[in-house]
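Please model the entire structure based on the sequences and the hints provided.
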Amino acid sequence: MKFSLFVHMERWDEQVSHRQLFEDLTELTLMAEDGGFSTVWIGEHHAMEYTISPSPMPLLAYLAARTDKIRLGAGTIIAPFWNPIRVAGECALLDVISNGRMEVGLARGAYQFEFDRMAGGMPATDGGKALREMVPVVRKLWEGDYAHDGEVYKFPTSTSVPKPFNATPPMWIAARDPDSHNFAVANGCNVMVTPLMKGDEEVLDLKNKFQAALDNNPDVPRPQLMVLRHTHVHSPAEPDGWKVGAQAISRFYRTFDAWFGNKTTPVNGFLEPSPESKFAEVPAFELNNIRKNTMIGTPEEIIARIKYYQELGVDEFSFWCDNSLPHAEKKKSLELFIKEVVPAFA
1 MKFSLFVHME
11 RWDEQVSHRQ
21 LFEDLTELTL
31 MAEDGGFSTV
41 WIGEHHAMEY
51 TISPSPMPLL
61 AYLAARTDKI
71 RLGAGTIIAP
81 FWNPIRVAGE
91 CALLDVISNG
101 RMEVGLARGA
111 YQFEFDRMAG
121 GMPATDGGKA
131 LREMVPVVRK
141 LWEGDYAHDG
151 EVYKFPTSTS
161 VPKPFNATPP
171 MWIAARDPDS
181 HNFAVANGCN
191 VMVTPLMKGD
201 EEVLDLKNKF
211 QAALDNNPDV
221 PRPQLMVLRH
231 THVHSPAEPD
241 GWKVGAQAIS
251 RFYRTFDAWF
261 GNKTTPVNGF
271 LEPSPESKFA
281 EVPAFELNNI
291 RKNTMIGTPE
301 EIIARIKYYQ
311 ELGVDEFSFW
321 CDNSLPHAEK
331 KKSLELFIKE
341 VVPAFA
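Residue numbers are given in full-length UniProt numbering: position 233 of the sequence shown equals residue 233, and the series is strictly consecutive.
Think of the hints as simulated: they come from the structure by calculation, not from any bench.
Fair warning: there could be bad hints in the mix.
To be verified - Heads up, simulated SDA-like pairs for lysine to any residue below, C-alpha to C-alpha not over 20 Å straight-line:
1) Lys69 x Asn99
2) Lys292 x Asn217
3) Lys140 x Asp126
4) Lys140 x Pro156
5) Lys2 x Phe256
6) Lys207 x Asp177
7) Lys278 x Phe256
8) Lys198 x Arg254
9) Lys243 x Asp322
Claimed, not checked - Distance ranges between label pairs, derived from CB positions:
10) Asn208 x Pro283: 17 to 25 Å
11) Val220 x Glu311: 35 to 43 Å
12) Gly261 x Asn289: 20 to 28 Å
For each residue, glycine too, the CB sits at the ideal point set by N, CA and C.
Shown next as structure tokens:
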């Protein structure tokens, strides 16, 4: 089992500066590298303070200079917002800067709010067309001269400059439905999945979709499967410590709901979480269910659950530390995970 860190700068009010958030993200990444994590993943989001990353590339390039071993994952680039030539060139440059530590994840996108601003109002549900077309195009550009005349992208002969340090850098697809799993496996891409607020039965379902895609493509070498989970570790000496994580993750997903609903105009990048009353009768938002369904618990409890993932055939567990908690709490949780959980998988 490999471990990775999935991290953004999170800003919930104007009391914490963007510079401080940048330094906090760097500190968590350095901790993860020292703790033996394989990869740090940073995604892409636009005009929203609660997940700050207009491009993962400058952050990852900076981290390349601050680290020695940890791999640097763009997780994920939102395909409809990019030109394939730019994706190929920027990813290759990161691979060169980092001596071959780049990993690229591609996704279709989710928030209509972002599509309204970044893709001319394209329906977010159409993002998959760009994703499916982009994957083979980027690989062709890494190989050399290539011209493309597709449904989404058209360009005359071009190539990736520079070329990546590795001839075939690892490529990941964020997958949920059977078609996206099948596309990823058929195209030799690793698969990243997130159960969001659902429990381990969702992890099993996603793993079964991955397995079905493997069965559909028997001649393709088995790619890697990563599970991304909101994670909060607390000491057994703090029996109510789980409530800190559960309440924070509730706030995170109520904010997600507000952004995803796309019904209120944000003010300077801030949007209030949807009210708790909206979810009073929604079982997934009960604190005990958040505790059970996300990765919250003592080291012993978390070890048991990740071992179950390992038995399912999951190759990488990604510690998702976006959860609305302040940096000190995130650091404390990550330290405990590194000290108590990681050694159980050595």
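Status of the hints after comparison with the structure:
About 10 Å separates the Cα atoms of lysine 69 and asparagine 99, which keeps this hinted pair within 20 Å; it holds. With a C-alpha separation of about 34 Å, the suggested pair lysine 292 and asparagine 217 falls outside the 20 Å cut-off, and the hint is violated. Using a Cα cut-off of 20 Å, the hinted pair lysine 140 and aspartate 126 is violated, with the two alpha carbons roughly 23 Å apart. Between lysine 140 and proline 156 the CA atoms are separated by roughly 13 Å; this keeps the pair inside 20 Å, and the hint holds.
Between the alpha carbons of lysine 2 and phenylalanine 256 the distance comes to roughly 28 Å, so the proposed pair goes past 20 Å and is violated. Proximity of lysine 207 to aspartate 177 is assessed by CA-CA distance (about 11 Å); at most 20 Å being required, the pair is judged to hold. Straight-line distance between C-alpha atoms of lysine 278 and phenylalanine 256 comes to about 13 Å, which keeps the hinted pair within the 20 Å bound. For the suggested pair lysine 198 and arginine 254, the alpha carbons sit about 15 Å apart, so the restraint of at most 20 Å is met.
Pair hint lysine 243 plus aspartate 322 holds up; C-alpha atoms about 16 Å apart against a cutoff of 20 Å. The supplied range of 17 to 25 Å is met by asparagine 208 and proline 283, whose beta-carbon atoms lie about 23 Å from each other. Roughly 23 Å separates the CB atoms of valine 220 and glutamate 311, a value that falls outside the hinted 35 to 43 Å. Separation of glycine 261 from asparagine 289 is about 21 Å and conforms to the stated range, judged on CB atoms against 20 to 28 Å.
Consistency with the previously given hints fails for numbers 2, 3, 5 and 11, ordered from lowest to highest.
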